[in-house]
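Enquirer: Sequence:
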Amino acid sequence: MRDYHINIFYSQEDEEYIADIPDLKYCSASGTTPEEALREVLEAKALWLEAAQQHVVSEPEVRQGETAVDPGVPLQTLQCVACGTGQCHHRGSQTDERH
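Residue numbers (the numbering used here): 1 to 99.
Hints should not be assumed to be uniformly reliable.
Stated by the list, open to error - Simulated restraints, written as ranges between beta carbons of each label pair: (1) R63 <-> S11: 17 to 25 Å; (2) A52 <-> Q12: 31 to 39 Å; (3) Q54 <-> E13: 27 to 35 Å; (4) E15 <-> H55: 33 to 41 Å; (5) D3 <-> Y26: 13 to 21 Å; (6) R39 <-> R2: 12 to 20 Å.
Since the hints were made in silico from the structure, they are not lab data. Glycine included, each C-beta is placed from N, C-alpha and C at the ideal position.
Produce the complete structure using the sequences and hints provided.
Expert: And the structure:
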């Protein structure tokens, strides 16, 4: 299974953390903590890829120049790619957006 870029951010609107995988259309999850959101999106990723395989959809390529989240690394080391903070409100921030 390939490693895909994962965005994790806090949503004021939903009042919880959201994790999404931009390369896997509609693959996202939420949780009350960043760790829970990550666990949930990794499960969603496995189900997404299983469904794609059953429907003969090719697995998307991993974006070049990006690294995937290592589940062994504490989430406190991750930062929002849009603003560089650990607590971010940028719903749907993409990898190279800066402001």
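Enquirer: For each hint given before, does the structure comply? Return the numbers of the non-compliant ones in rising order.
Expert: Violated: none.
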